[in-house]
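Engineer: Residue numbers for the sequence shown follow the working numbering, beginning at 189 and rising by one.
To be clear, the hints were calculated from the coordinates, so they are not data collected in a lab.
Glycine included, every Cβ here is placed at the ideal spot set by N, Cα and C.
Hints are supplied without guarantee of correctness; some may be wrong.
Restraint-style ranges between C-beta atoms, simulated for each label pair [unchecked claim]:
1. Val315 x Gly251: 21 to 29 Å
2. Ser288 x Thr319: 21 to 29 Å
3. Ala240 x Gln332: 43 to 51 Å
4. Thr319 x Ser258: 16 to 24 Å
5. Ala292 x Val315: 25 to 33 Å
6. Ile322 x Thr244: 29 to 37 Å
7. Ser289 x Leu324: 32 to 40 Å
8. Leu198 x Gly268: 42 to 50 Å
9. Leu324 x Gln248: 39 to 47 Å
10. His330 x Gln291: 22 to 30 Å
11. Thr256 x Lys329: 34 to 42 Å
12. Lys318 x Gln203: 34 to 42 Å
13. Gln291 x Val200: 25 to 33 Å
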Amino acid sequence: MKISTPSLPLDVLQQFRVIYGTMRQYFRLIEQCCGLPGSQMWILQEVERTPAIGVTELAQRLGIHQSTCSQLVERLVGLGYLERQKAATDRRRVGLVLASSGQALIARLPGPAEGVLPAALASLPEVALKTLNINLAELIKHLQDSDDQFARVPLADMVRDAE
Numbered sequence: 189m190k191i192s193t194p195s196l197p198l199d200v201l202q203q204f205r206v207i208y209g210t211m212r213q214y215f216r217l218i219e220q221c222c223g224l225p226g227s228q229m230w231i232l233q234e235v236e237r238t239p240a241i242g243v244t245e246l247a248q249r250l251g252i253h254q255s256t257c258s259q260l261v262e263r264l265v266g267l268g269y270l271e272r273q274k275a276a277t278d279r280r281r282v283g284l285v286l287a288s289s290g291q292a293l294i295a296r297l298p299g300p301a302e303g304v305l306p307a308a309l310a311s312l313p314e315v316a317l318k319t320l321n322i323n324l325a326e327l328i329k330h331l332q333d334s335d336d337q338f339a340r341v342p343l344a345d346m347v348r349d350a351e
């Protein structure tokens, strides 16, 4: 008796499941270790990397909408993990710095706060990444009711909201 193999679309679907499941598992680990969602930890990590960063640049680095970033920053300031600091050269410009409690959270991170997918994508050879980009763009064209607004939502929040 010959065992039939799954069809190619099913193979690809299973690959997406592995990616999604791996992301969910990793973001759960971040939340267990740090007590905050991955998106908020990513903000703390970026502020650690670039003290006095502004919200606009922070949103660009995370690839999220500025209003989303502002809301996350407000939450982290309210929790005492971030502080606002006026720039020495231009007192109108306000940057963000980690509070000591934010530094303590960063020390508990099990790995990159942005998750395992960005690191995996960055490790791909450029030709593979370009090919993946083209193929995913084609797949998105075939998705019914696809919404480009999801491109600006942190993966950690998408995975968290699905639970």
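Engineer: Against this structure, judge whether each hint is valid.
Structural biologist: The hints, checked one at a time:
1. Val315 x Gly251: 21 to 29 Å: Given a distance of about 23 Å, which is inside 21 to 29 Å, the answer is holds.
2. Ser288 x Thr319: 21 to 29 Å: With a Cβ separation near 45 Å, Ser288 and Thr319 fall outside 21 to 29 Å, so the hint is violated.
3. Ala240 x Gln332: 43 to 51 Å: holds, 45 Å
4. Thr319 x Ser258: 16 to 24 Å: violated, 36 Å
5. Ala292 x Val315: 25 to 33 Å: Distance hint for Ala292, Val315 is violated at roughly 42 Å.
6. Ile322 x Thr244: 29 to 37 Å: Holds - the Cβ-Cβ distance for Ile322 and Thr244, about 30 Å, lies within 29 to 37 Å.
7. Ser289 x Leu324: 32 to 40 Å: holds, 39 Å
8. Leu198 x Gly268: 42 to 50 Å: 48 Å Cβ-Cβ, so the 42 to 50 Å window holds.
9. Leu324 x Gln248: 39 to 47 Å: Since the Cβ atoms of Leu324 and Gln248 sit about 22 Å apart, the hinted range of 39 to 47 Å is violated.
10. His330 x Gln291: 22 to 30 Å: At 46 Å between Cβs, range violated.
11. Thr256 x Lys329: 34 to 42 Å: violated, 26 Å
12. Lys318 x Gln203: 34 to 42 Å: violated, 19 Å
13. Gln291 x Val200: 25 to 33 Å: violated, 42 Å
When each numbered hint is compared with the structure, violations occur for hints 2, 4, 5, 9, 10, 11, 12, 13.
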